[in-house]
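Number of protein chains: 2
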Amino acid sequence: MTPVKRINHIAIVVDEIEDALHFWRDALGLKVARVEEVPDQDSVVAFLSVGNMEIELVKPTSDENGIARYIKKRGPGIHHICFEVDDIKASLESLKAKSVRLINSEPVIGTSGKRFAFIHPESTYGVLVELYELPPK
Amino acid sequence: MTPVKRINHIAIVVDEIEDALHFWRDALGLKVARVEEVPDQDSVVAFLSVGNMEIELVKPTSDENGIARYIKKRGPGIHHICFEVDDIKASLESLKAKSVRLINSEPVIGTSGKRFAFIHPESTYGVLVELYELPPK
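Protein chains in written order, with the working numbering: chain A, 12 to 148; chain B, 12 to 148.
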């Protein structure tokens, strides 16, 4: 598989962004880079910068989506880790060849043209892993 | 509080290091920097490099310690995120002043002279957070 370059972000699911910011921004001192509505994923996301990566606080805006169901089942906490790769299609092919269970067997096109796919926690020892291929700058 | 510099590592608890490496090393392609026995924490840790940080796969070597109990209760998965700070004593004082619940209210001296402390998930929205102050190089 093409080498993983770095971690892009760690996503934490929360039920209230402002409450969560009391710790992550006000107590821990991380800077909020931006807060965005993500209507196609029924969520609001606060992006906090740390080093060359981000912590994302994700709040579901619908009771029906996967994130809301996750919080209902497990409570707030870390949801996934996202790794950047150069060629996500090649990475997914290589993972398939190694019998890794994928949630998205083909790259999904997200906002700003990034391509992403999730790997099933069953194959990663309990961690939901996302891969990102960022568009060329 | 003194600013957080960067994430030092993400710890993932596993019940077999070799099994977990089938994904993290062999399929995802991360490089194993080293594997260490940590007798004072009854664990074995595989350190995998990614960007300027590490993923740590932690396997308990006793049925009695906190990590073994964590796996028994929740299964394998992400255990904590560790952030580097310049002055851990000042950071802990600042967190206490903001009524953040700490697991270690004073820094603990770890291997190689690093100083660490854990923040309780109750104050962080469900995430076990570790702070590190590394010794001067």
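Be careful, since some hints might not be right.
Which copy is meant is left open, because identical chains are indistinguishable; a pair holds if it fits in one copy or across any two.
With a straight-line cut-off of 20 Å between C-alpha atoms, the simulated SDA-like cross-links for lysine to any residue are [said to hold, decoys possible]:
hint : residue 1 : residue 2
1    : Lys84     : Leu139
2    : Lys107    : Pro118
3    : Lys107    : Pro50
4    : Lys125    : Arg85
5    : Lys16     : Gly62
6    : Lys125    : Asp51
7    : Lys83     : Lys100
8    : Lys42     : Asp97
9    : Lys107    : Pro147
10   : Lys84     : Gly137
The set of hints was computed from the structure by calculation and includes no laboratory data.
Check: Can you name, in rising order, the numbers of the hints this structure does not satisfy?
Finding: 3, 4, 7, 9
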